[in-house]
Structure formats: structure tokens, C-alpha cells
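S.K.: Protein chains in written order, with the working numbering: chain P, 7 to 275; chain A, 9 to 288; chain C, 1123 to 1237; chain S, 534 to 1079.
Bear in mind the hints are in silico, worked out from the structure with no lab data behind them.
Computed from a predicted model, the values in this text were never measured in an experiment.
We treat Cβ as the ideally placed atom computed from N, Cα and C, and that holds for glycine.
Incorrect hints may have been included.
[Claimed, not checked] Derived DSSO-like pairs (lysine-lysine); straight-line CA-CA distance at most 30 Å:
#1 K107/A / K266/P
#2 K33/A / K185/P
#3 K126/A / K859/S
#4 K1183/C / K33/A
[Unchecked claim] Label pairs and their computed distance ranges (CB to CB):
#5 S255/A / H1146/C: 17 to 23 Å
#6 R573/S / G98/A: 57 to 63 Å
#7 D1129/C / Q753/S: 50 to 56 Å
#8 L1161/C / I40/A: 35 to 41 Å
#9 S1036/S / C1159/C: 28 to 34 Å
#10 D1124/C / E689/S: 23 to 29 Å
#11 G98/A / E1050/S: 38 to 44 Å
Given next are the chains, with one letter for each unit.
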Amino acid sequence: MITLRLIQQPAVPLEAECLTPDRLVELTNDQIRAAVLYHGKRQVRVDEFFQVDGELSDAIELHGDLSRVRHLGRQMSRGTVTIRGDAGMHLGAQMSGGKIEVFGNAGDWLGGEMRGGRVHIHGRAGQQVGAAYRGSLVGMRGGSIFVDGAVGIETGMRMKRGLIVAGGRASDFVGLQMKGGTILLRQGAEIRTGAWMQRGTIISLVDLQLMPTFAYSGTYNPTFANVLAGRLAKLGTELPFDVSEGGYDRYCGDRAVPGKGEVLIWKPT
Amino acid sequence: MQKSRFLPRGRKDRTMVLVDIRETKSVKAADIFLQVRPGKDFELLTILRAMIKDQPISDAEVAETGVSIEALQDLVARMKAAKFGAMFFGMGLSMTRGKHMNSAALLTLAAEMNAFTKFVAMPMRGHGNVTGADVIMRWQTGYPFGISFNRGYPRYNPGEFSTVDVLVRGDTDCVFVIGADPGATMPQPAIDHLARVPTIVLDPHVTHTSRLAKVHITTAPAGISAPGTAYRMDEIPLPLRPALKSSYPTDEEVTRRIKEAIQAKPDWMVEGPQRLETQV
Amino acid sequence: MDLKVIDHATCTFCGCVCDDIQLHADDTRIHKAKGACVLGKAWFLNHTTERNCPAALIDGKEATVEEAIQVAADLLYEADMPLVYGMSNTTCEAQRECVAMADLLGGLLDSHTSL
Amino acid sequence: MLRITGGSVYDPANSINGEVRDLYIADGKFVDKESCDSGRVIDATGMIIFPGGVDVHTHVAGGSINFARAMTPEDHRRTQAFIRTKTRRSGLGGMAPTTFATGYLYAGMGYTTVNEAAVPVLSARHTHEELSDIPIVDKSSLVLMANNEIFLDLLEEGETERAKQVIAWYLWAAKAYGIKAVNPGGVAAWKYGDNASQLTEPVSGYKNVTPGNIVAQLAQIIDELGIPHPIHLHCNNLGAPGNVSTTLETMKHLEGRRAHFAHLQYHAYGGDDWGTMRSASVELAEYFNAHPNMTTDAGAVLFGDTVTITADGPWQHLLYKLTGRKWGNLDVENETGCGIVPYTYKPSNLVNAVQWATGLELLLLIDDPWRVFMSTDHPNGACFWRYPEILQLLMSADFRKECMACLPANIKNRITLPEIDREYTLYELATIISAGPARALGLKQKGNLGVGADADVVIYNRNVNIAEMFGHPRYVIKSGEIVIEEGDIRETPDGREYIIKPSFDPGTDDFLQPLFEDRYCMSFENYPVEMERIENPHLQDCKPQQ
């Protein structure tokens, strides 16, 4: 395992896209220390900001308040990144595999345009979780993001596949222009959930304020809720699906597009 | 109002619809006024997007926006019957909850209206030459605003590199302000950061920002005593014809001299390849 | 008094950038802005060539432009993440210098648009 | 001073075909041996020497490409980035490169002159500002005229002499180099949601004006004014199946007059609809070959992502409906408009495959390389920095066969490419990328390695991989200065801008002013581009023909 401890709080954002399992697995301790980060406009060595222990491993653990450290785990395809503290923007952006776990909060664009792998944030996450970057037509394409706490606006914007689970309340525009995949909201969301969605599923376990362009289309327990619940159970989280417990109100839309997405709101009996 | 070949009666041949959250003075100039509930712009525009495509919308849902279904049906009919529709929007739309998505809703509606008739949309730009800044940043960097050059080439990410966010998070350690007074207009945490770091202000007046700045330089006001160019909000550049002569230097001159003074110092960039095939 | 007349002058107060204003000015101020709206009139008539402001201020104390330029250059050069912001109420020529400076500085660049 | 010795020189303008010649350069021009007695010597033994490339039709500056930049941030992020140095600005390549990168990329593949092919007069000031930020290359621009309301009104009234004066006035107001006609009458009609598809039918809003007489009158006026470059024509019905009939009819309207047909590939389709669309390059090339009054550029398509930009608004709205992707539209009051749609050409798509083949077929079936030029109508068919890929396709029939293997099976009988064996020689390539377009533009000092011409020259290492060879010249020299050396940018001098001043009746101002004030929303006096705004202006001759 490689352990990186933040020894100095950066004065301006520190861009650390080189701190990924794919890269560090090939580097000796000396090479990791000498790897280049960007502190604002200046190139700095990793050891100017981090105490580095270990080498040649695809398991990375970071300690400290890393809320100003951006692009950690960017494009990673393997291994683990464990952060004991807060993480900055673009954590796990464009990752395709491996696992990221944060015992703290994460910043904006968590798992932005990710293609695979798993992310678990024990605290909150910022805006645009699993979203598309500006101008890009497709956000997250695969993998899963679990956030135990709240998530910011535009969560899952333009996502095409994959799963986002928000344990806390979500802000506005969840699943904006969503094209596929699943978003589970355990504590519901603010307004404009599912706005302009084309396809995909948003499930809320509490009541939601919906856009006027969604239409009610029945109450039922979809088969996939059962399947999803099984998958989630393995990850230590529950999804109700038993008919005896209740049912899902199904709304489809967004008719402005017009889209064939669905929003399922759990109604316990 | 201008009479034209296709609208020979001028104003009489035109229909103006005003949408606002309150009755403003502009209501008098409008043919139709639609009063939308504050914060319901996005919903209203999204309903219109559905309505132009004949998607069913229930009255109750429409009522929440503060506008009746009849009024919207009338509006849609007028829009579709128009020869040439134009939508103008301002900061009431782009600066309220939903922000850029409110503008996106209006622009998408305008684009979709072209399935029926000619329609265009244009933002009403508040500040003098903000369009010029937009246009120039686009041709020189590829992006209209919210840019970082810290990696030696332009990158774009509003929210990450946009000023209010940068200041509130404290992501910058020196600020150069020109043709703006953020000290008067930005949220307090942003202003606090401006005061915390060295700030440099170029302005014809000693502004709120100047008062909390490290350096203020007085410059000649554009179009009054400084010559040059400004872009109209439809991206047409117009020459300025200053009527006065100023004893203060122009923004252009001062900025160039600062740039040249920086250029005279040793470069901090580490020697590397001339181009990157893959960006960060 | 003989006023100088400037035809087809351009108003940069708002984004409409009207270019059909007729200005009547003497050496110190504009007295008439024919064709300008209420906002435009206020904009044109409120400026004078009188030196009401110090040439430059450093830490609130009067300084020469040259001194201020040097201090500004030093501060921007030393910074790790300088920000160039604004560019609304100025000319394209100044804006081009701003973009060039931000590029050189390796800093952030933003306008009013992002507000 | 600079000497280049021992290289194999391909200089079609002087009929030099691969012979070993020494070149001498002083003060930015080629000189004779005696006038160059010192300075650096480049030993080009074994290397290939071409005149600097000339792009007759590209979109690199102005409102529309700048709109495209705004619409495609996702592309800027995935493309190559040029890092700034102390003296050189940073830039981004891609589908719609930034101005600085445009200069680096063109020079990087040996191009030293580019012609921006679509400028509305109203925003010409903007275009010139962007052009001045494109380093290294020399530039010129064409002004859009075939949908100008005042001009069309004069045609309606039969006032052709007045129309000529007005055109000359507009050209000078725009500080342009020539005249472009886009979808004559169709863009004007688009302002009312219509198009103009029949050459002999009146344009919406007019009784007498037809697309056919717009092009014929413009060509006549351009000849009478002595504008160096002929009418630069984007025909009606761009991109539509069966449009070859429109194109041929347009060519007939222009018989006996000079004319340049832009991006001919987009106007060379047979069939009745998307299902039956086929290449009509054979019949088009046959007619073209028999009519020496015309030149053309290919408008070739390459598979991949790009962004399409054209003043052809109605076509772009159709493309938006076909793709369901982003769409931008600009209207330029009284003059023209523009549509912008990002697009991906796919080999598996039958229509795209036909387009790909058609572009190559035209380049191969038109037998005179002095009359057909390299272009992709950047960025419409592909980005200009992909030209070397097309050169490889032209030089190798085997490589073409390899590429054709990826096309859909049902493309048979829709294209002729499999039956064409022609392979371009280096001499022919030098003609279509440099000497030919320079001649068509009336730029005698370009595309020419003779004494007195501008010392714009490219030196290539021989390489069996043609795309590699043309994509990575060993040296690029612009006005005698080495700007690219072994793939690295050395210098980024400012280029010139070529403009013309056709003569017009001094009373034209008085005639135009009231019409202008009735129509436009800017002041007449603020409309013409001031001469001081042009960086390094170079006035080319423009003498009326007798």
C-alpha cells in the first residue's frame, strides 16, 4: 500500500491527476516523491505537499484535508484509492475501474463522465455527481457512485448507464437530461428532478416535487426493483420491493423532450 | 418603430409579449403581459416545449406557474403563426434559481420553434462590452469565460474557474480587476477574499473594489475618452468615437504595460513539449 | 460657447451599444447626447476630463502610474493562481491585452458572464 | 538570406517537375543566385520541395466559426493543446481551432496562405480582428453577396450597373478580396423559413430575381470589376440527393464566364432521396472537364467528428433535424445567415460513405490539376489539418481499396471510386495544394518558387507513408523565415492580409445611405471597416476589364 499524508495545506488548488493506482503502481517511492503536481500555475513535487510511504502498489491511501486537491484517481482503471478526510473536485473523473472510498466529503464532479468502477463517499458530495462536463452530451456511462450524505445540483446530468445512490437529500436537477441508468434518492430531492430526461430511472423513497411535464402512469412493483434490491443488499443498502410493504407510483416524462424516462416514488402501505 | 417591407405598419404588425414576475414599466409597451410566479421560469418554458409538440399538460400543473392554460395556448398559437419570432432574455432569467438551465430552456424552446416557423433568441447583455469579452475569449482560447491557463493552455469549467466560485472558495491569490466593480456586486464571502489577497483595479473611478485593493490605476473611460471597439449584444463590432480627451491612460495601454513588465521577468514555465496530444 | 459635435458616436453603457448618438462636447465634458436613452444620457453626461481621481493608488496612497504598474506586475508574477476578471466596461483592445496577460500569467480568466 | 540546396523541386508554376534545383531567398522573396551570397544553408539533398500550400476555401475566422467554438467545448477538451511560451500564445486545435492554433496547424503542414471563404460585410470588422490573430500564414477573405437585400432589390429592378457599383462599394467596405455566393436567394428566403431550390424560380419576396440570374449577374459584375478571383460559388441545394442537376444547370448559367465552384463534392449527388442517393461525379466531371472557364475545390469528406458551418441556413436546420444534435443559427440582418451543427461522418452510414467517395472521385476524375483544388470546406467535410490523409488517398489506389473495404456492401453502383486507378504524382499534388489555388485566387506571388515570388516553401523528408510525410514537413519557410523545423514551431511572424479596392462611382455612398438607414440597425458611417484595422494590408491589383 502507498500512503500519502498531506503535510501542507495548498494555498491554491493542487492538481494531482498523477495520484492514481495505474500510475503509482509503476513508481518507486523516490519516483512518487518526484512526480509532478500543479500548485496553481507552478509545477511542484509530490513530496512538497505529501509525506509518501510505500511504493509499487495500486492501493493508495491519502490522509488529511484534501478538499483543495483535485483530479485524484482521475481515469483510474484498477486498484483502490482510500481517502481519510475530504476530497476535492473531479475525484474519480473518467475512471473506468477500481474503487474509491472517502471517509469524508467529496467535491464537485465526483465521478464525472466515469465509465466503470465504484465510488463510495461516506459524507456529502458536491455538484454534478457523475455528470457530463460542459458541452459534452454524455455523462456517466457505467459503474456506481454511493454517497451517504447529500448531493448537489445536476446529479447524474446526461448519464447514460450506471447507478448513483444518494443517501442524503439531493439538490435541484437530479437526472437532468438523463439518457439511461438509475438514480436512487433515499431522502428525496429539491425541485426539477428528472427535468428533460430522455430515458433512465429515478427512484425516490420519499415523496418528490415533480416537473409539470411528468405524467402519472400507475402504481406497481417493477421486476427490476427486486433485482436492484439484491444488488444493493450486497453493498449494504436496502431497497423496498415487496408488494406487502407498498408500491411505486410511476411517472413518465419529460414530455417536453418528449422523453421516455421514469420516476418511481415509493408509497409504503 | 421601424417599418419594413414585410412589416409595413411597423409596430402594428408586431406582437410583443412580456413575461415577468411583476408589472414593470415595460408592460405598457407590451401587447400581452404574462405574470409568472417567481422561480417558475424553467417550469413555464418546459411546459411550452411540451405544448408546442402537442403533449398533454393538465391545467393544475400549468396553474402553478401563475399563468393560465388559456394564456399559454394563445401564446403557442401566436408563436407558431408568427413569421419571424424573437425571444430576448435577461438576468431575471439567467441569475435566478436554475441559472444557466433557465437560459438553456429558452434557447431550446427557440430552437424547437424552428420546426414551425423562423425563431431566434438573444441574451440581453447588461454591461457595455461584455459581448466583446465573450467573443474575444472564444477566438483566442476556444471558451467564452471561466477559463484557467494554469497548465499552459486554456481549460474551461464554469463552477470551477468562474469568479464567484473561485473567490468564495479562496482559490486565487491575486486578482486583477478591469471594467468591473465586484466589490459592490458580489456576495460578501467573495468580497472578503478580494480584500484578503492583493487586488489590482483599473477603473475610471475609485470604486468599492479600489478601496479594498492593493493597487488602483485610474484609466480613461471607454467610449467617452478612450477609443477602440465594442461588440453589440448581437456580436456586431462597432467603433467608439470618444468626445473627450483624457489625461489618464487607457485600459489597453496600462494592461499592455503590466503585461510587458511581466514578460521582462524570467519565465517560470518548465521546458516541456510544444504541444500535448491529451489534455488534463 | 462653441461645442464640438461628434456624430454616430457609440454608447457603451449597456449591451445594446447604440451607435447613432450625437454628442456635443467642450474640452471638459459632454453637454448633450442626442439620440441616447435615459441611461445613455446619464452615462455620457456624467464624465468629465477633470482629474478627480489620483493617477494611481498603492495601499491607498497616491502613486505614479509607472510605480503602480511595477507593483501590479510583481504581484501578478509572484502569485500562484492569479485571476484576471471583469472586462465588461472596457474596449476590445483592452480585452485582448487582458486575455494575452492571463495566458502569459498562467492564471484564471473570467468575465461578468459567469456571474 | 537563406539557400536551400540539393532538393527535388516541384514547382508547377514554372513547370519544374522534381528536378534538383537550388533556391535562393533574400528579403522574403526568391532571388537569383547572385543576390544571395550569405546566410544559412539548408542542405535538402534527397528531400522534396513544394511551394507553400494555399487553401482556396476554408472557414477560420469570424462570427460563424466563433459560434462553433462556443458550441463545442467538449471537442476543445479532447484535442491537442499548444502550450504558451514567453512569446507564443497558447491554443487549442480540434474541429474549430482557436486563431493562434489555426496558424500553428496550417503552417505545421506546410500551408502558408489561407482564404476565409465566408464573411458577412456587417461583421467583417470581427473577421479581420480574428484574422490578425492567426499567425504565420497570409490571409484573404471573401464577402457574402448573393443574399444581400439591397443587391437583390437592384436586380429585381434591373439596375445592373448600379448593382455593380454597390458590389464594389461593399467589397471595399468589407476590406475583402473577393465575392462568395452561398445558396443564391436561399439564405434570403430562409429568413422566412423558405429555401430556393429551383434556379429559374423567383426567390421568396421577389418577382424577377431567381438564383440563376443572381449568379449570372454576380459573375458578370466580378469580371467587369476585374476582381482577381472569380465568383466563388456555393450552389443551391447543397447536400441534397439529386442536386447534380442544379449544379449542372448553374454551370450552364455561367458558361463563358470565370467561376469557382466551392466544395463540389456537396453538389455532386444523384438519386431522388436519401435511400437512392449516389455519386454523380462522373457526369459532373465530364461536363467540368469540357469547360475550361471553371475551377473547383473538392470539399472532400473524411470519416470522423467535425462541426459543420455554412451560411446555408436551411440546409443546417435539416441536418439538425436529421442528427438531433446541437444546432446554432445566426441571422445577419439584410445580408446572410449561418447555421452550425456538430456532425460525425461514419463509414457505416451509406450517405456518408457516398460523400467520402464522391470527394475523392472528383479529385481523380477531373483531369486538369490546375482546375481542381484540395479542400474539405474546413470544418465541414473534415478539419483542414487532416488534408495529408486525403493526399495519401489520392496517391495510392491500393490504400483507397483498403479504405473501401470498410464501406457498407450496398454502396455498389452508387460510387465509381473502385474503378478508378489514377494515382496522383507529386507534381500534380503540388498543383492542387499550391500552384493551382494560388492561380485561381489571382495571387501570382504564391504557389510559385520562381524568382520574385514570395519565399513560402515546404521541405519534406521522403517517406513512403504519404500522410506522415505531408503531415510533418522537415522545414516550413514563410516569407524566407523558417517557421517550422522538424515538427517544432520556431517563429510565429504575423502574416499579410490581401485586399482589393475595386473602383466605384463616388456617388455610391449617397445612393446607399438612405437605403442602408432604412434597413440596417447600425450607422452607415460605422459600417465600413477602417483600413487601420487591417494588420499588414497588402493591396492587390483590381483593374476593370475592357
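S.K.: Taking each numbered hint in turn, which are not upheld by the structure, reported in ascending numerical order?
M.R.: 2, 4, 7, 8, 9, 10, 11
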